[in-house]
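Sequence lines, in order, name chains A and B.
According to my numbering, numbering within the first sequence proceeds without interruption in unit steps and concludes at 95.
According to my numbering, numbering within the second sequence proceeds without interruption in unit steps and concludes at 503.
Simulated from the structure, these hints should not be mistaken for laboratory data.
Yeah, the Cβ is synthetic: ideal placement off N, Cα and C, and Gly gets one too.
Be aware that one or more of the hints could be misleading.
To be verified - Pairs of lysine-lysine, DSSO-like flavour, derived with a Cα cap of 30 angstroms: (1) B:K491 to A:K92; (2) B:K491 to B:K440; (3) B:K97 to A:K6; (4) A:K61 to B:K97; (5) A:K92 to B:K440; (6) A:K74 to B:K148; (7) A:K92 to B:K243; (8) A:K13 to B:K148.
Stated by the list, open to error - Listing some non-contacts, in silico: residues in chain A with all C-beta distances to chain B over 10 angstroms: (9) R18; (10) D21; (11) P25; (12) A28; (13) F31; (14) S32; (15) L41; (16) D45; (17) V76.
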Amino acid sequence: MSIDIKTAAHVAKLARIRVEDDALPALAQEFSAILGFIEQLNEVDVDGVEPMTSVTPMRLKRREDVVTDGNIQKQVLANAPDAREGFFAVPKVVE
Amino acid sequence: MLDLTYEPPKPKVIQGAKHDWELVIGLEVHAQVASKAKLFSGASTQFGAEPNSNVAFVDAAMPGMLPVINEFCVEQAVRTGLGLKASINLRSAFDRKNYFYPDLPQGYQISQLYHPIVGEGEVLVDMAPGIARLVRIERIHIEQDAGKSIHDMDPNMSFVDLNRTGVALMEIVSRPDIRGPEEAAAYVVKLRQIMRYLGTCDGNMQNGNLRADVNVSVCRPGDYERYQETQDFSHLGTRCEIKNMNSMRFIQAAIEYEARRQIALIEDGKEVVQETRLYDPDKGETRSMRSKEEAHDYRYFPCPDLLPLEIEQAWVDDIAASLPELPDEKRARFVLDYGMTEYDASVLTADVESAMFFENVARGRDGKTAANWVINELFGRLKKDDLGISESPVSAAQLGAILDLLGRDEISGKIAKDLFEIVWTEGGDPAQIVEDRGMKQVTDTGAIEAAVDEVIAANPGQVEKAKANPKLAGWFVGQVMKATGGKANPKAVNDLVAAKLGL
Numbered sequence: 001m002s003i004d005i006k007t008a009a010h011v012a013k014l015a016r017i018r019v020e021d022d023a024l025p026a027l028a029q030e031f032s033a034i035l036g037f038i039e040q041l042n043e044v045d046v047d048g049v050e051p052m053t054s055v056t057p058m059r060l061k062r063r064e065d066v067v068t069d070g071n072i073q074k075q076v077l078a079n080a081p082d083a084r085e086g087f088f089a090v091p092k093v094v095e
Numbered sequence: 001m002l003d004l005t006y007e008p009p010k011p012k013v014i015q016g017a018k019h020d021w022e023l024v025i026g027l028e029v030h031a032q033v034a035s036k037a038k039l040f041s042g043a044s045t046q047f048g049a050e051p052n053s054n055v056a057f058v059d060a061a062m063p064g065m066l067p068v069i070n071e072f073c074v075e076q077a078v079r080t081g082l083g084l085k086a087s088i089n090l091r092s093a094f095d096r097k098n099y100f101y102p103d104l105p106q107g108y109q110i111s112q113l114y115h116p117i118v119g120e121g122e123v124l125v126d127m128a129p130g131i132a133r134l135v136r137i138e139r140i141h142i143e144q145d146a147g148k149s150i151h152d153m154d155p156n157m158s159f160v161d162l163n164r165t166g167v168a169l170m171e172i173v174s175r176p177d178i179r180g181p182e183e184a185a186a187y188v189v190k191l192r193q194i195m196r197y198l199g200t201c202d203g204n205m206q207n208g209n210l211r212a213d214v215n216v217s218v219c220r221p222g223d224y225e226r227y228q229e230t231q232d233f234s235h236l237g238t239r240c241e242i243k244n245m246n247s248m249r250f251i252q253a254a255i256e257y258e259a260r261r262q263i264a265l266i267e268d269g270k271e272v273v274q275e276t277r278l279y280d281p282d283k284g285e286t287r288s289m290r291s292k293e294e295a296h297d298y299r300y301f302p303c304p305d306l307l308p309l310e311i312e313q314a315w316v317d318d319i320a321a322s323l324p325e326l327p328d329e330k331r332a333r334f335v336l337d338y339g340m341t342e343y344d345a346s347v348l349t350a351d352v353e354s355a356m357f358f359e360n361v362a363r364g365r366d367g368k369t370a371a372n373w374v375i376n377e378l379f380g381r382l383k384k385d386d387l388g389i390s391e392s393p394v395s396a397a398q399l400g401a402i403l404d405l406l407g408r409d410e411i412s413g414k415i416a417k418d419l420f421e422i423v424w425t426e427g428g429d430p431a432q433i434v435e436d437r438g439m440k441q442v443t444d445t446g447a448i449e450a451a452v453d454e455v456i457a458a459n460p461g462q463v464e465k466a467k468a469n470p471k472l473a474g475w476f477v478g479q480v481m482k483a484t485g486g487k488a489n490p491k492a493v494n495d496l497v498a499a500k501l502g503l
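Bound-form chain B, shown alone (with noise of 0.2 angstroms):
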């Protein structure tokens, strides 16, 4: 294995008018299960549907429907348990949280306060080679998802949407151990692409089905230290929790102006009060949500529909036994095997599409040459038309048959790129494309000698300076490529260029 032997960030500071200041940021990212039915009914998880028709009789809570689990959405749970590390809880149970909402038909939500699946666990967050935050997480439980309002369709009227209602979520509660905004954003990053690889979460911030409440205070410098040697929270400011993000912008930016705010009020001899807030990403601005706090008391009792949830730890060691390759190792093997720079292999195994299309290349030829195309030439063309690796013209294999005729020096790199090109606009078997245009690099001394005499003889003026001042053969290499068409072997060229004229 790779020494995987990394320093911590240093912790951001934001200067106040008074003194310096940190940040202390703990996150509740919910995730929701890459399930097909909900976690208590049969109804579909389908986003996009007609409004209301992704709804069971048990969602719409009609009276004396019972809640059923979905087994799936346990196993989900626990395999991303298992991916951060983490402990599992044979024996969980399932507590009523109660609160009023028109998107809560129940009128409470099934959750795990108790005695939640996943216990601790821990996640390392990467922020530049070498430097990297392990982010302790305290718990995952599974809980339902409430429907959905919409509040600008009537002028009088909010519009509800139950589809969304009791499908499965993960919450992922974290220790506070961020220490700054890109943290926090990196660690939600990090998170999606472990239940990406896992297959537990689709990892999809656009339609919500990933999305993070972030819980912000601050302290002076020295202050989070004394915290970590005794756990002891009083040494840590009041904290605020903005709610609800689905973008890691916007995670960032409520951070910045939330600690900002609270740094304002201390200095100002004020005091920040524990509230809710919500972050307007129009103002860029976190406001408090007071309407929540009475309705923060949420009365949980156990939920009497529901019998404990009890595992085997045979199925949690059956669960271990198929997880994938995660991220950090493959990494690490990326950089062993291949010999790339930990940058490179970051990049890709960021998701595992693209670590899997890597690989394909790379089977059997030069990992690092594989690399360098994959990054900078598929990547490059990939962003450069907005398409995501499953949807690249490219296949793996037809780049791997551009890096042999490559590497047996068929053709030159010049032309390896035309041909990438070529394959990406019009598709087709590389090799033949090469056989029938007439790509074929040049190798045969005989005819590059001879058009290196032929330039040679045409320029007896450039040969005059060139003898003067050697680096002007470059400019005999490019006459010579240009009339072989980019064809000609270029280490050929410039030997028999140096030779000719003597250097």
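The shape of chain A in the complex, shown without the other chains (with noise of 0.2 angstroms):
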């Protein structure tokens, strides 16, 4: 599969990474060869194969319904660059 300039474009936009027009050729050819490295796992014949989750046969960990964590509003926002009155204050979102 190969990706174009519009989806590298596309892509870039999701992820919220500006990427400047002159920079998306290259982008989008990276992108390509890394998906065609990936590719090459579809040759691989897995007919019958159940699809692996874990090298080691686990059963996922649960915790109890007990309330152990929160109450550090200070630590939760001590790296926003903006915080007001308990909240993270970011630019405008407009909807």
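Taking the hints as your guide, dock the two standalone chains into a single complex.
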């Protein structure tokens, strides 16, 4: 599968990463190369093979319904570029 | 078991400028699991907390934090599935739904696209006695809620609160089996009722604990039947999705508006574009959320942080064994056991607390009388004071005691209502109140006879008239009741008045 410039621009936008127009061809080419590499896996015959989700036979770990965390507002907001009155303050999101 | 046969309601028909049109509606209901902690973290789900105080580092998506699933939330999804007679998938899995928004710090929502925990089920939506719509459930999956953005606190900034981020939701997806705005609202009411019976979601729509996305399309009469026959969606019109509504009234108004908008477009020779729309309750219209369209490319993939969710049949069986009696069964039983109408049974089983209250009143007493008193006197009085059943000043035991006094003919129906009002405002033991305040019914015929004689003697003119027109006997009955302070047994008074007047 080859990625064209338009698709590369779309993916960049979805990821909210700014990519200048002149950088798009190289990006598209890199995407294509990576996908091409991965696509080799399609050559393997996996008929009748169960998808493997873990290398060790583990059961999904569960927690009990008990409040054990939270009340760390200061720490949660510590890395925010801007926070006011306990909220994260971000550039206006227009709906 | 009672015969539960029913007829489906007629689909709503809207007259366009050129033709008649019908609606086809499917809903995605997001129900917040009634858990103490979040789906993948140990932070609290308490509503109304200080902003960003119910947040763990997992919810804030700090690097390296990993989700650990809350087993209670899984159990509630299974319970809800069983309550909707749905198949339970012993193996389900989590996927990431990727999109960017300030109140979604992970940059993705953990959901279950490919392998939901609950499969196909059904809900019987009652519209009127004997009229109900069977709505098929396609699936229920577990997912995380997003945070909350507040846009009106500052002209240039949006404020983000992550308290809600990561709270467990059950998304209940229906098939497009709903045929009108009223049915859609009734469907949400029924789901809410079932989940409140099950205790899996508190159904508080005001706090956003129950919200619905509504898919609406329109078609010509006959098209829907062709779809039902073939399950081929091409018979139906293009649908629009109205997002995130948290009131039954808005759901109905939005569907009505949206259907008329689509009809006008089609009759005008234009096309309905499949899109996401938002309902504006102030303007009473839906409008396009164009900003969402490109973001709809969610690039789902299996969540690498979570192993598949495998549950055991024995556990599911245990949950099934612990299910309470659900609304449909309870209603049928009330009709059968207490001889009440289906309508009264619906009213009494609307929520589990009312049903329990009624049964406590009815135990060992006449069911019909108990139903009448709970519905007419108690519910009426609660409504007047805007109180819920759990806040009722009159307990089931007190109401039962009033009915006992009435049943033993110790008080008249009129006095019973007065007594109810006294117990409502002052509290106390009804039997004691009757004793202390001399409210007992006079059943002593001698005393009643004396009162009748007195009234007859004092009103010779009325006696003559009554002899000519027996209907006027009622006047004497009223006078006697007045003279005895309403305590005379009305039947005894009736009989005596008739006898004395020679009627």
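When you check the alpha-carbon spacing of B:K491 and B:K440, does it fall within 30 angstroms?
holds, 15 angstroms
So A:F31 supposedly isn't at the interface. Is its beta-carbon more than 10 angstroms from every beta-carbon in chain B?
holds, 13 angstroms
Check the non-interface label on A:R18: least C-beta distance to chain B beyond 10 angstroms or not.
holds, 13 angstroms
Hint check: A:K13 vs B:K148, CA-CA at most 30 angstroms. Holds or violated?
OK: A:K13 and B:K148 at ~23 angstroms, within 30 angstroms.
Reported absence of A:V76 from the contact zone with chain B (all CB gaps over 10 angstroms)
violated, 5 angstroms
Taken at face value, is the distance from the CA of B:K440 to the CA of A:K92 at most 30 angstroms?
Cα-Cα ~71 angstroms, so violated.
30 angstroms limit on alpha-carbon distance, applied to hinted pair A:K74 and B:K148:
Holds, because 18 angstroms separates the two Cα atoms, which is no more than 30 angstroms.
Straight-line Cα separation of B:K491 and A:K92 no greater than 30 angstroms?
With Cα atoms ~75 angstroms apart, B:K491 and A:K92 exceed 30 angstroms; violated.
The output says A:D21 does not contact chain B. Does that hold with a beta carbon cutoff of 10 angstroms?
holds, 18 angstroms
Status of the stated non-contact between A:S32 and chain B (beta carbon gap over 10 angstroms)
For A:S32, whose nearest Cβ neighbour in chain B is about 17 angstroms away, the distance exceeds 10 angstroms, so it holds.
For the pair supplied as a hint, A:K92 and B:K243, confirm whether the alpha-carbon distance does not exceed 30 angstroms.
holds, 21 angstroms
Beyond 10 angstroms from every Cβ of chain B: is that where the Cβ of A:D45 lies?
The claim holds: A:D45 sits with its nearest Cβ about 22 angstroms from chain B, beyond 10 angstroms.
Violated hints, listed in ascending order, are 1, 5 and 17; each of the other numbered hints is respected by the structure.
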